[in-house]
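J.: Residues per chain, in single letters:
Number of protein chains: 2
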Amino acid sequence: MDMLSELRPIFYPRALAVVGVSRDETKFGSRFLQALLDFGFKGKIYPVSPAGTEILGLRTYPNVRDVPGPVDLAAIMVPAHLVPAVLEDCLAKGVKGAEVFTSGFAETGEERGRDLERELTLIARRGIRIVGPNCFGIYCPASGLTLLPGGDFPRESGPVAFISQSGGHAVEFAREARGRGIRFSKVISYGNGCDLNEADLLEYMAQDSETKIVAMYIEGPREGRRFAQLVRGLAPRKPVVIWKAGLTRAGGRAAHSHTASLGGEEAVWDALFKQAAAVPVCGLEELADTVLAFLHLPASTGRRAGVVGGGGGISVAAADACDRVGLDVPPFDDGVQQKLGEILPAAGTSVRNPVDIGRPLVPPQDFERVLETVASADCVDTIIATQAMFHVLAGTFKLPPREGERFLQGLIRTPARVRDRYGKPIVIVLPVGPDEVEMVEAEERRREIRDQYLSMGIPPFPTLERAARAVANVATYFARAAQAR
Amino acid sequence: MDMLSELRPIFYPRALAVVGVSRDETKFGSRFLQALLDFGFKGKIYPVSPAGTEILGLRTYPNVRDVPGPVDLAAIMVPAHLVPAVLEDCLAKGVKGAEVFTSGFAETGEERGRDLERELTLIARRGIRIVGPNCFGIYCPASGLTLLPGGDFPRESGPVAFISQSGGHAVEFAREARGRGIRFSKVISYGNGCDLNEADLLEYMAQDSETKIVAMYIEGPREGRRFAQLVRGLAPRKPVVIWKAGLTRAGGRAAHSHTASLGGEEAVWDALFKQAAAVPVCGLEELADTVLAFLHLPASTGRRAGVVGGGGGISVAAADACDRVGLDVPPFDDGVQQKLGEILPAAGTSVRNPVDIGRPLVPPQDFERVLETVASADCVDTIIATQAMFHVLAGTFKLPPREGERFLQGLIRTPARVRDRYGKPIVIVLPVGPDEVEMVEAEERRREIRDQYLSMGIPPFPTLERAARAVANVATYFARAAQAR
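As you go down the protein sequences, you meet chains A and B in turn.
The numbering used here puts the first residue of the first sequence at 645, with every later residue one more than the last.
The numbering used here puts the first residue of the second sequence at 645, with every later residue one more than the last.
Treat the hints as calculated values from the structure; they're not laboratory data.
Any given hint might turn out to be false.
Beyond 12 angstroms from chain A on every Cβ pair, some chain B residues (computed) [to be verified]: (1) Glu650; (2) Pro714; (3) Leu766; (4) Arg770; (5) Ser801; (6) Pro803; (7) Asp852; (8) Ala872; (9) Glu930; (10) Asp977; (11) Asp1000; (12) Gly1002; (13) Gln1009; (14) Glu1049; (15) Leu1052.
If the Cβ cut is set under 10 angstroms, some of the chain B residues that face chain A in the computed set are [as the list claims (entries may be wrong)]: (16) Glu751; (17) Thr855; (18) Ser901; (19) Val951; (20) Gly956; (21) Gly957; (22) Cys966; (23) Val973; (24) Arg996; (25) Gly1039; (26) Gly1077; (27) Met1083; (28) Arg1094; (29) Ser1099.
Note that this is a predicted model, so its numbers are computed, not measured.
No residue lacks a Cβ here, since even glycine has one placed at the ideal position from N, Cα and C.
Construct all of the structure, not just a fragment, from the sequences and the given hints.
T.: This is the structure we're talking about:
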């Protein structure tokens, strides 16, 4: 059976049993139930609980086998030693999938936990696919399924899948992504991966037409060789962004006690990343930045950056930051320098690359001419432009009150126009600026401007370092993917 | 003459001539004048301008020699070719110091600019010390002197000096530092350093009793050997945090066109950092984080970190991040693990190091017991604890309305108490969390909480990576400084 059909009951359940719900609202069971109700699960929900008859307005059943209608998926949060019995009940009931939230299995490092987990694996082979144990479940906006906790996640779907061995990272990424316009096809926290592991889930995402970009957090793969093969096959078609954690000594130890994973050697992973066109990232911040860049940047995104910003020291820092992540900042030829020299005054600016516009911000018409000149340079693939708008937002760069907004709007609309005219990708650096408590209104406006950029397909980043890293990741991917094809 | 006396007229001028002011409010001259007035310069201000009789309510003089009283410092912003004549006038008037804001000297890369700059150097030798050219001047809250632009800088002094070859970075750091409680003795943007260079200014800071921590941004030192010697002498007594820019190929090129600097080789700098107990940082963010850590962390800050946070994946990431910056995360012995096991439930937590408290936040009394247990572990020098308070602030971790504030206040006050009781430094990671526009109130509260931590001497950082890097920098410094002494 293909993965799409096999995992359909797990991602798109029409009926869901939540096993292990109690009246105690602080417990996982009722918190998950509440998250499902808040989020608006579209199918039927059957709470399973030995005590009581109703929880959160829903009728409860003493056992999953007592549920009147068919059940596609069981969410299980009973204590570890009771999980095998619940799974047996699920098998008897014909339930096709289970997400086991309960922890206390192999990750405890104890014999008993390992034995219990092996038992789960054996039960799975008899006809029920398991996500977990020791996980936070699945978020799939199209079916209304959500993680624990995840009642507040976006209802809209998007092209990004996140396969995460960590529940915390799954939740955190889904939340952090909200403000940056990243939307998901599926987020899966698969924990110890006793049955469905990173390889199975990647195979599913390879087939899933909803998913265009795959992001992963992995502590230790369960099927290393199969996983590497799958990455090799998929990466040239869909970007696979991988945060491999636990590669350091201390990290490896922590991974072992988190999901019973063996960290693996950095060199083995490096080789995989190079051969397979997978994109390695280090941390949630880089993961989110890179996914954001993939959402908006085209295959023509290259390593030769044209950098535009205000302030000489900031240009030096920008050049250093680009170089460190492997972006070129090629010096402009005389023709380009001369054109820039006609726009910018000679003193306090630089018409080489990076372009130092001399001030934090120049008027929109000058900014447009600078961007156009840089976009027309043959040596430039991609443009990174800093717009230190906090100077206007926080009132340190004074403009007449009405003019301020027109000035900003002119600047905000420029990059998308230049991109469309010259066909070169542009990313924007939109720094936070002074962050005292009283400055929070400027931060609110900054977020609005960020959203405006996002709506025009211009990815904004808070620092140049982060922008450069994301651009470098995307450029490296497209170069390797083209070779691999 | 000692540096303190020699540079007194520059840092503490009783009378200041601003040469090159016009009525045009967008020009540097009048913007600088306005900044001085806004900031509240304590001495006399004499605008010097060939045209008109009054600017911004101040009487103007056609030439600095026409000023009736004595003048300590001249701020010069006339076009480059006129600067030598103005300096001659200053010499004639007996002015002791000048800050030359004007650019268009050696940084242009042209013969004419280099010649002009040499002329300035020669004039300086005849009895006037020069800051610049191509700079933004000096910020010294004690005398009311400020940078261009800098009318909104804090009026209070503090123990940090920032010596910056870049005016943009000088302004940016002074602004960014505000929200983090970093206050300055002096900030100097010294630009091309035709007379006073990084070595002179460092020598001054070595003698300046107001200055306890020196931060520097350097593109290319003018007197490399003397500078290295000074660092070696000073660093064991006062931390010297150095951001050396322009070390990459692209960065070196940009530095050359910014301040006519030669970048230098990374290996030479690395050797200096190792021998001299200077603290190398890479970028403004790390510079600010490291200075913040030095402000609050004692000499006992060591490399063996006890890490506390909620969520297994987050613990793995924390361990990786610590390892990458050279912090140890030693596993706890059985005694400590057992004590932690009595506080935390067995499932979904970890009592090794990092400690995974299993949830984003635990009640204050449990948090205190966890911190106390970690602080009492012999293998721990320094504690890094994540407090993901945005879960409460943004309402995703629900507490009864009144209890929420009491819960948070209990958590906020715990670290300082444990630090005082056990004598071990504690830093806090206070993540921003979801950053949609609507979430800006949570950000406002987060900033208030950050300020509360600062007031208790507990340095807060937005990410674990940044906290770990700052702690590692401080720990490395104290270890090397002890050896060097």
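J.: Each hint needs a verdict: does it hold in this structure or not?
T.: Outcome of the hint check:
For Glu650 (chain B), the condition that its CB be more than 12 angstroms from all CB atoms of chain A holds, with the nearest at approximately 27 angstroms. The beta carbon of Pro714 (chain B) is kept farther than 12 angstroms from every beta carbon of chain A, the shortest such distance being approximately 31 angstroms. Look at Leu766 (chain B): its CB is around 22 angstroms from the nearest CB on chain A, clear of 12 angstroms, so calling it non-interface holds up. Here Arg770 (chain B) stays apart from chain A, with its beta-carbon at least about 26 angstroms from theirs, past the 12 angstroms limit.
Chain A leaves Ser801 (chain B) outside its interface by the beta-carbon criterion, the shortest separation being 18 angstroms against a cut-off of 12 angstroms. Distance to chain A confirms Pro803 (chain B) as a non-interface residue, since its nearest Cβ pair spans about 20 angstroms, more than 12 angstroms. With a cut of 12 angstroms on Cβ distances, Asp852 (chain B) stays outside the contact zone with chain A, its closest approach being about 23 angstroms. Here Ala872 (chain B) stays apart from chain A, with its beta-carbon at least about 21 angstroms from theirs, past the 12 angstroms limit.
At roughly 10 angstroms from the closest C-beta of chain A, the C-beta of Glu930 (chain B) falls inside 12 angstroms, breaking its exclusion from the interface. Taking the minimum C-beta to C-beta distance to chain A, about 14 angstroms, the non-interface status of Asp977 (chain B) holds against the 12 angstroms cut. The non-interface label for Asp1000 (chain B) is inconsistent with chain A: the shortest C-beta to C-beta separation is roughly 7 angstroms, within 12 angstroms. Interface exclusion of Gly1002 (chain B) from chain A breaks down, the closest Cβ pair being 9 angstroms apart, not more than 12 angstroms.
No beta-carbon of chain A is positioned within 12 angstroms of the beta-carbon of Gln1009 (chain B); the least distance is around 16 angstroms. In this structure Glu1049 (chain B) is separated from chain A by more than 12 angstroms, as the shortest Cβ-Cβ distance comes to about 17 angstroms. The Cβ of Leu1052 (chain B) lies farther than 12 angstroms from every Cβ of chain A, with a closest approach of about 16 angstroms, so its non-interface assignment holds. At about 8 angstroms, the closest approach between the beta carbon of Glu751 (chain B) and any beta carbon in chain A falls short of 10 angstroms, and the interface hint on this residue holds.
For Thr855 (chain B), the suggested interface contact is broken, since its CB lies about 21 angstroms from the closest CB of chain A, more than 10 angstroms. Satisfaction of the interface hint for Ser901 (chain B) is found here, the shortest Cβ-Cβ separation to chain A being roughly 5 angstroms, below the 10 angstroms cut-off. For Val951 (chain B), the interface hint holds, since its Cβ comes within 10 angstroms of a Cβ in chain A; the closest pair sits about 9 angstroms apart. Hint status for Gly956 (chain B): holds, given a least beta-carbon distance of 3 angstroms to chain A, under 10 angstroms.
Below 10 angstroms, beta-carbon pairs count as interface contacts, and Gly957 (chain B) has one with chain A at about 2 angstroms; its hint therefore holds. Using the Cβ-Cβ criterion of 10 angstroms, the hint placing Cys966 (chain B) at the interface with chain A is satisfied: the shortest such distance is roughly 6 angstroms. With a least beta-carbon distance of about 4 angstroms to chain A, the hint placing Val973 (chain B) at the interface is held under the 10 angstroms criterion. Taking 10 angstroms as the C-beta contact cut-off toward chain A, the hint placing Arg996 (chain B) at the interface holds, the least distance being around 5 angstroms.
Of the supplied interface hints, the one on Gly1039 (chain B) holds, with its beta-carbon coming within about 8 angstroms of a beta-carbon of chain A, less than 10 angstroms. Satisfaction of the interface hint for Gly1077 (chain B) is found here, the shortest Cβ-Cβ separation to chain A being roughly 7 angstroms, below the 10 angstroms cut-off. At a threshold of 10 angstroms, the smallest CB-CB gap from Met1083 (chain B) to chain A is about 7 angstroms, leaving the interface hint in force. Hint status for Arg1094 (chain B): holds, given a least beta-carbon distance of 9 angstroms to chain A, under 10 angstroms.
This hint is violated: Ser1099 (chain B) has a C-beta 13 angstroms from the nearest C-beta of chain A, more than the 10 angstroms allowed.
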